[in-house]
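J.: Note that the protein sequences, when read in sequence, are chains H and S.
Following my numbering, the numbering of the first sequence begins with 1 at its first residue and continues without gaps.
Following my numbering, the numbering of the second sequence begins with 1 at its first residue and continues without gaps.
Read the hints as simulated data drawn from the structure, not as lab findings.
Glycine included, C-beta positions come from ideal geometry on N, C-alpha and C.
Treat the hints with caution; some may be incorrect.
Chain S is faced by these chain H residues, among others (derived, beta-carbon under 10 Å) [said to hold, decoys possible]:
hint, residue
1, 162
2, 170
3, 172
4, 209
5, 223
6, 237
7, 238
8, 288
Straight-line C-alpha distance at most 27 Å; calculated DSS-like pairs for lysine-lysine [as the list claims (entries may be wrong)]:
hint, chain 1, residue 1, chain 2, residue 2
9, S, 90, H, 304
10, H, 188, S, 120
11, H, 51, S, 55
12, H, 229, S, 82
13, S, 78, H, 226
14, H, 51, S, 224
15, H, 40, S, 64
16, H, 303, S, 82
17, S, 191, H, 136
18, H, 40, S, 78
19, S, 55, H, 40
20, S, 21, H, 187
21, S, 64, H, 224
22, H, 38, S, 78
23, S, 82, H, 224
24, H, 70, S, 82
25, H, 148, S, 228
Chain by chain, the residues:
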Amino acid sequence: MPRALWTGSLSFGLVNVPVQLLSAARDLDYHFHELHEKDKVRIEQRRFCSKEDVEVLFEEVAHAYDLNGKQVIVTDAELASVEPRKTRTIDIEAFVELADVDPIYFDHPYLVAPAGDSEGTLRAYRLLVEVMERTKRVALGRFVMRTKEYLAALRVRDGGLTLSTMLFHDEIRPTKPIPTGGQKPAKKQVDHAVALIEALSTDWDPSSYEDCYRERLRRVIESKRKRRKIEVPEAEREPKPAPDLMAALERALENVRAGKHPRAEAEANGSSNGDGDLVGLSREQLYERAQKEDIPGRTKMSKKQLVDALSGGEPGGR
Amino acid sequence: MPPRSIWNGTITFGLVNVPVKLYSAIESKTVHFSEVHAKDGAQLEHRRICPKEGKEVDYDEVVKGYEVSPDQYVILEKDEVKAAAGDRGKVVHLTEFVDAEEIDPVFFDRTYFVGSRDAKDAYRLLHEALRRSGRAGIGRFTFHDREYLVAVRALDDVIALHTLRFHDEVVSPDELDIPSGQRGPAAREVKMAAQLVESLDEDFRPERYEDSYRNSVLDLIKRKAAGKEIDLVAQEEPDHDDLAAALEASLGGGGGR
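If we strip away everything but chain H, and leave its shape as in the complex, we get (with noise of 0.2 Å):
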């Protein structure tokens, strides 16, 4: 099991469930180090005082405020003061319904799992666990996780609770700023538009998206290490806006549904990328250029045997 980020109770009512909280999210990203060119040592991130120009020690170092142009400094047992007292609890203040809170409020997301097997510990847990999947709503609380007190929303996810952490509400930049401009469409080109995209429409599957970016990084860290020529793709010229929008739309929705990709003729005109980057394209769109070029047992192919296939069947070496 993942090291616990947080531990302390779950109250409910006056029960209390002791838990456990994990990170829902893994990171995958590869990470540099800063080196010095010349010496390919590893650089250190050092504080100095700006005004006597010498390196300070942690121990030397405060928080400071900028309170309208006074500086108030804070030190950490004074913030730690106004912790608030229960902060080894997640307190469930209320239940809503999950449709009702919009995902712009979620921020980061945790699994809350039971703290130890005692019988009791686990016996409450899942009756939470049940009472909340088949209410089918999401509890509100509060905890506070290291100097933060935050705002949170507890739901059944395949089986177990998650925890997102919260945005309050003026933490969200109003929309009412935000240009909004255009003209007003025609009740039919919204028919052909909401046409459009349900012929674009599938089901919601996460797996089928790969993390190209991460798949590109390794490939360019692989080739570095092959001592290979690194080459920086051309970049896909911006299109313009189509002239005829009600023409643009007719003919994509003629190309969904005669199997052709949607863009088709911008594809064909180069304001695409060609073959530029294949691992940023579709299973469908990667077998679409299989057929054409003929490559034998595409049928079978996941996506990343596709990209390798279609690239020269060396993998890293475009």
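Following the hints, put chain S in place on chain H, whose structure we already have.
T.: Leaving out everything else, chain S in the frame of chain H:
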């Protein structure tokens, strides 16, 4: 003051190209402190130091190192890292559409508001079509030399763009092997708990929730500025009660709160 846009580009669906601007939708209100030297209150600067030479290093002399084994690095120039960004810096093709409500909130990462760039463009058409279909367009978006998977949907009167986590970046509770225990909760306990959920049921009204911690930190700063003495208080742990008795007491006590 109109907000400042952070990205200019084009969103496409089918053969319709919509020139747009992006705005950040989120503004963290966490109270941030700057680091100062305790002795003289002077601002601190972070400087890059080469520990071998003991000297400050200019950013031009910095390369990126990917550690393949302890102290063994594959060296990449900053431009080589950028090569992984792909070739779509200025365009988001919405290639597929899904039911917006089907995307579990756990996938949503950051949110941006999409604004129109031109009075003659198809912004409102895309907005209206997304709103009416209840669908979110899925595409790829490149920002600061990094590509993201995004969901584009209608949110009130604007179009919102959410960066999404990839499936392998999301941890499922199944991976934890949570023990199920000897016996599940009794029917009576489930019934009481359901009653308790019902008694706490309400509509989601985000403005009801204030960031009380933020307020106390700001209050602390004001008291400190006024030269007041700060009390350092202790915290307490809650007790663990008998499950059925606790549920009964919660319900008996007028909804628990």
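J.: Please name the hints from earlier in the document that this structure breaks, with their numbers sorted from lowest to highest.
T.: 8, 24
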